[in-house]
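Quick note, the sequences are listed as chains A and B, same order. At position 36 of the first sequence (counting the first as 1) the number is 36 in my numbering, and the numbers step up by one without a gap. At position 125 of the second sequence (counting the first as 1) the number is 275 in my numbering, and the numbers step up by one without a gap.
If you're looking for bench data, these hints aren't it; they were derived computationally from the structure. As the structure is a computational prediction, the values presented were derived from the model and not from experiment. Be a bit skeptical, because a hint or two may be false.
[Said to hold, decoys possible] Here are the simulated distance ranges between beta carbons:
| id | chain 1 | residue 1 | chain 2 | residue 2 | range |
| --- | --- | --- | --- | --- | --- |
| 1 | B | Q187 | A | L125 | 33 to 41 Å |
| 2 | A | D109 | B | I194 | 34 to 42 Å |
| 3 | A | D109 | B | R192 | 16 to 24 Å |
[Claimed, not checked] 25 Å max Cα-Cα, derived DSS-like pairs, lysine-lysine:
| id | chain 1 | residue 1 | chain 2 | residue 2 |
| --- | --- | --- | --- | --- |
| 4 | A | K54 | B | K186 |
| 5 | A | K45 | B | K178 |
| 6 | B | K173 | B | K186 |
C-beta: ideal position from N, C-alpha, C; glycine also.
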Amino acid sequence: LSMSLGAFTLRSAVRVNSALLASRVSPRINVPLRAATTLNDGANKTHDHSPHFKFERYFAAGMMPLIPAAYFVHGPVMDAALTIALTLHIHWGIQGVIADYARPFVIGDAAAKAARASAYLITALLLAGLLHFNTNDVGITKAFEMVFSL
Amino acid sequence: RIASRQIVSRTLCTSVRRTEELKTPIQKLGWEYLMKQKSLGRPISPHLQIYAPQWTWYVSGLHRISGCVMGGALLVGGVGFAVLPVDFTTFIEFVRGLNLPSVVTALFKWIIAFPIIFHTINGVRFLGFDLAKGTDLVSVYKGAYFVIGFSVLLATLVVIRSQCNK
Numbered sequence: 001l002s003m004s005l006g007a008f009t010l011r012s013a014v015r016v017n018s019a020l021l022a023s024r025v026s027p028r029i030n031v032p033l034r035a036a037t038t039l040n041d042g043a044n045k046t047h048d049h050s051p052h053f054k055f056e057r058y059f060a061a062g063m064m065p066l067i068p069a070a071y072f073v074h075g076p077v078m079d080a081a082l083t084i085a086l087t088l089h090i091h092w093g094i095q096g097v098i099a100d101y102a103r104p105f106v107i108g109d110a111a112a113k114a115a116r117a118s119a120y121l122i123t124a125l126l127l128a129g130l131l132h133f134n135t136n137d138v139g140i141t142k143a144f145e146m147v148f149s150l
Numbered sequence: 151r152i153a154s155r156q157i158v159s160r161t162l163c164t165s166v167r168r169t170e171e172l173k174t175p176i177q178k179l180g181w182e183y184l185m186k187q188k189s190l191g192r193p194i195s196p197h198l199q200i201y202a203p204q205w206t207w208y209v210s211g212l213h214r215i216s217g218c219v220m221g222g223a224l225l226v227g228g229v230g231f232a233v234l235p236v237d238f239t240t241f242i243e244f245v246r247g248l249n250l251p252s253v254v255t256a257l258f259k260w261i262i263a264f265p266i267i268f269h270t271i272n273g274v275r276f277l278g279f280d281l282a283k284g285t286d287l288v289s290v291y292k293g294a295y296f297v298i299g300f301s302v303l304l305a306t307l308v309v310i311r312s313q314c315n316k
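Whole structure, please, built from the sequences with the hints as guidance.
Right under this line is the structure:
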């Protein structure tokens with residue numbers, strides 16, 4: 001097959017074959033195939049989610065001591081810390097849920113786009129509600145105190 | 151030259167669409183596969199109703215569901231107490247006036263405490279998975295049993311402590 005295509009392609013065919021042989025002998029399974037999966041060729045640029053994913057997880061790890069601390073330490077400072085941490089964590093959580101279930105294949109392109117935008121609306125409402133609760137009402141930690149005194 | 155004209159027109163084409171709508175080659179492949187299956191009129195294969203219950207996906211599902219329910223509760227509570235004429239103290243006094251038996255109040259407290267505790271502890275376990283730690287089947291199951299058991303225990307202790315402090 002390669003003979004019929006001329007000397008130039010024969011050389012490249014040999015190169016391809018030796019590359020295939022090398023990959024079979026010593027497969028580079030530990031090297032992630034980044035080049036083939038992204039689309040950053042100058043004219044096109046796809047969004048790389050990995051730094052965002054990493055930051056989400058580091059943030060969640062940072063929240064790990066906050067939750068047990070909130071059981072023992074109460075007050076407006078803890079309320080503020082909880083509001084910020086919870087709102088951010090819930091925002092990313094809701095984005096993940098919506099991205100997983102409100103998919104273009106299932107509900108169509110327009111509805112999927114609207115759903116992704118609605119995640120921001122939900123977070124905004126959540127933040128507004130919690131801030132209002134902390135300033136004009138008893139606050140998160142006091143609310144838990146009151147519920148658990150029933 | 152033709153090449154630069156192509157680059158310019160390609161740049162214009164792709165700069166009009168936002169970058170998040172661009173598909174990588176594998177995403178394009180997957181999408182075209184789905185479209186092909188849809189055009190052939192093939193049904194989506196059943197999943198939740200036929201998949202055997204397992205600690206793996208049950209715990210994962212509970213993690214997501216508890217997160218969504220807690221987020222929803224904070225949303226409804228926060229917005230509700232802002233919009234409605236009732237404030238939180240009035241609401242608590244109303245519930246206190248119902249004179250519910252302590253078993254009922256203990257149950258409600260447990261229902262509030264368990265998702266928080268479970269989601270936090272399982273969150274630690276899932277962060278371990280993200281670091282590729284404990285992902286062999288034995289560890290996954292041991293972790294699942296531990297998380298569920300410890301969450302139940304801690305939630306019970308929290309409720310008992312609150313009932314004793316009354």
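These are the hints, each one checked on the structure:
At about 38 Å, the beta-carbon gap between Q187 (chain B) and L125 (chain A) stays in the expected band of 33 to 41 Å. Distance hint check: the CB atoms of D109 (chain A) and I194 (chain B) are about 18 Å apart, inconsistent with the given range 34 to 42 Å. For D109 (chain A) paired with R192 (chain B), a C-beta distance near 21 Å keeps the hint of 16 to 24 Å intact. In summary, the hint linking K54 (chain A) to K186 (chain B) is not supported, as the alpha carbons are separated by about 35 Å, beyond the 25 Å threshold.
For a cut-off of 25 Å, the pair hint linking K45 (chain A) to K178 (chain B) stands: about 14 Å separates their Cα positions. The suggested pairing of K173 (chain B) with K186 (chain B) holds, with an alpha-carbon distance near 17 Å, which does not exceed 25 Å.
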